[in-house]
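Visitor: Between the sequences and the hints, there should be enough to build the whole structure, so can you do that?
In order, the protein sequences belong to chains Z and G.
Just so we're on the same page, the numbering used here is the position in the first sequence counted from 1, plus 312.
Just so we're on the same page, the numbering used here is the position in the second sequence counted from 1, plus 663.
For the record, the hints were derived by calculation from the structure and aren't laboratory data.
Computed from a prediction, not measured in an experiment: that's the story for all the values here.
From the three backbone atoms N, C-alpha and C, an ideal C-beta is built for every residue, glycine too.
Check the hints yourself; a few may be wrong.
Sample of chain G residues facing chain Z (criterion: CB under 8 Å; computed from the structure) [as the list claims (entries may be wrong)]:
| no. | residue |
| --- | --- |
| 1 | D721 |
| 2 | P733 |
| 3 | I734 |
Covered stretches of chain Z (chain G as the covering partner; in silico rule of three or more C-beta atoms under 8 Å from a C-beta of chain G) [to be verified]:
| no. | segment |
| --- | --- |
| 4 | 336–342 |
| 5 | 467–477 |
This is what each chain is made of:
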Amino acid sequence: MKLTSKRELPPGDFGIWIIIYVELVTFGALFLGYAFSRRLEIELFNESQLLLNQQTGFINTLVLITSSWFVVQSVKLIKQGQSKEIAARWLLSAIAMGFIFIMIKSMEFSDKFEQGINLSTNTFFMFYLLLTVFHFLHVVLGIVILFTLYQNTKKSKYTQDSHEGLLTGASYWHMVDLLWIVLFPLVYIMR
Amino acid sequence: MKSILLKISPIRIYLILISLSSLTFLLAYFDQINSFFVPFILFTIFIKGCLVIDYFMDLKEVAFKWRLFPILWLFLVLTLIGVASYLPAG
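Guide: Below you can see the structure in the form of structure tokens.
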């Protein structure tokens, strides 16, 4: 007996999955570039890493995971045909978390730029800025997408039977979370 | 076993993700990150990644070929990061 019937296609618009897979490959190449470059200048990477704030990075990890969970809650309510008002509130909470992430990251960038750190400082900071700024831009785009989902949910555009747009945006946001789950320990923690 | 895994509630997944992230951070906070703990950290990242892929992205209920790509990506990236961390310094 089958426990569950598997769907043929992933949730949401199929196009978003092409984008997600391309993004994963792109970030994967950058992660590996960082990991192998580190072996060539291990002392430099370890010393430069000490200038990063692990606490704020950790807070941002909690913020993004929480935000993703809020989106899951919203999708669950719509799928079950329950209150769209509450589903919209979950999305609004996820957006708020996204803004907290951006605020913390902006302060971190500002601190680094004030110290005169830029792409040409050294190999560590080149990868640090490439990875974190690239990810930051994905968070910004994710917030714009979540805001669109919020507005559509408030206008009752998603129903129990038709909510492809919501699933598409949610999948993108979870990808942003997935990338940070690898990025944070790799760049901030592992020595 | 499979039915048990499928029934894990999102709040439990969330708590596991938070706990594993906190554990990694605490290891760093108490300056315990060394080559001995690298495989452990990579393993926790793999577990967290799989949970996000299966339960947040909801790929657990989709044909395996769609789920395979992100899990394979995660496995390969983390394995190569592990290999890189044990290579002799250049």
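Visitor: If a hint holds in the structure, say so; if it does not, say that too.
Guide: Comparing the hints with the structure gives:
no., hint, in the structure
1, D721, "holds (5 Å)"
2, P733, "holds (6 Å)"
3, I734, "violated (11 Å)"
4, 336–342, "holds (count 3)"
5, 467–477, "violated (count 0)"
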